[in-house]
Each structure stands twice: as structure tokens, then as C-alpha cells.
Amino acid sequence: KAGVTQTPRYLIKTRGQQVTLSCSPISGHRSVSWYQQTPGQGLQFLFEYFSETQRNKGNFPGRFSGRQFSNSRSEMNVSTLELGDSALYLCASSRGTGPINYGYTFGSGTRLTVV
Amino acid sequence: EDQVTQSPEALRLQEGESSSLNCSYTVSGLRGLFWYRQDPGKGPEFLFTLYSAGEEKEKERLKATLTKKESFLHITAPKPEDSATYLCAVLPGFQKLVFGTGTRLLVSP
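Top line first, the protein sequences correspond to chains X and V.
The numbering used here numbers the first residue of the first sequence as 172 and each following residue consecutively.
The numbering used here numbers the first residue of the second sequence as 3 and each following residue consecutively.
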């Protein structure tokens, strides 16, 4: 059974550019959540999608956006990149809405470096 | 504000030397407490979910317990392959997990 697939694994971007990250959940999982992981802040919630609808959003600026497609694949976009956006971006999928009943399965993440 | 604090930040053990990791939390309406293991360069791997005070769960050398204010992850007779960062997270009323910053465990042979 394939796990959560995130692409690309590594990205280097310049300040001011924009970037799109992709996440393919486990087959049959309809919920996708995104987290940002940095050494100082740990994992911080970005947003959650279920059946193409954003159900919850974290405290990040509007430069961070996302969407989910009808096949449950999700993308997140960061515009006007800043140095502080350098982080590991993790995607997690779940069969239901949120982790409480079915748990989360995380992907290996996309390591974004902004120079 | 929902908050999770893990201690210690880092822990070095000899193989076979048992110890415990702590996760203290303040949250409005706990729906669940989660433990994850994260290896370098990988995403977190699910270990346990605890739902109510007094609950305990075990998996191989790991045992997780929960009180109203904290959770412990007990590691019995650890092996080098147990070396990883252990993350604790709580699920309050909303659907988003609130994570601690983790405990980096190193087990030496």
C-alpha cells in the first residue's frame, strides 16, 4: 500500500519567488493536512482539506494557500517567499476528517530552502 | 491558548538503560493525545493515541501513559534503533494537532 507522497523532496528558491508543493494522500483518504516544521517552532498547522473544502486554517499569512482536487491530491502554494519560510513542509492524510478516529499518516516532506 | 511542552529536549541513554519522556499540556477540551516518532529526513510516524486520563498503551519497548496534565513515554531497555525524535501532540476541540517541539533520543550501544 503506497504511503503519502510529497513532491518535490527538496527545493531551493530565491526570496520573492513563489513555490507550489504537491501531496498525494493514501488511496481512499479524503482528508489532507499541511504542517510546517522548523527547528525553533516545531510542527505548526497550516490548513486542512476534506472533499475539496478547506475545513480549518492555521495562523499563517495569506501568502500561504492551498487547494484539494477531486482525487484528494492537494497542493500548497507560497507566494513572495521570505527567508523565514525555509522549513520542512509535511503533508498528512486521514480517512476521515482529522486524526481522532483514523489517525494521520505523514509523508516524508518537502524541504524548502529560501535564499 | 493550547500548549504542549516536552522534556527533556535531548536525552542520551546507554543501550538497556530505561527512561521516560515527558509531555505536559494545557488545552481546552482534550480529544486525544498523540505520540509520534520522527527519524531524520522523514515524516512523523504514528505510535499511540490516548483519549482519557488513566489510559495506557504499549508497543514493544514503548509504553505511553496519560494524566489530566501530562503524558509519559516510557522506554524500557532501549536499543540503538530506538534513536529518534519523539513528538507529542494534542487534539483540542478543533481538528488541528498542536505539537510539542520533541525530545531527541540517542541510544548508544
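Hints in this document: simulated from the structure, not taken from any laboratory.
Glycine is no exception: its CB is placed at the ideal position from the N, C-alpha and C atoms.
Hints are supplied without guarantee of correctness; some may be wrong.
As the list claims (entries may be wrong) - Chain X regions said to be covered by chain V (calculated; three or more residues, Cβ under 8 Å):
(1) 212 to 225
(2) 232 to 238
What the hints assert, rightly or not - If you only want the chain X side, here are some residues facing chain V, beta carbon under 10 Å, derived:
(3) Ala173
(4) Gly174
(5) Arg180
(6) Ile183
(7) Lys184
(8) Thr185
(9) Thr191
(10) Tyr206
(11) Lys228
(12) Gly229
(13) Asn248
(14) Leu252
(15) Leu261
(16) Cys262
(17) Ala263
ask   = So which of those numbered hints doesn't the model satisfy?
value = 2, 3, 6, 7, 8, 9, 13 and 14
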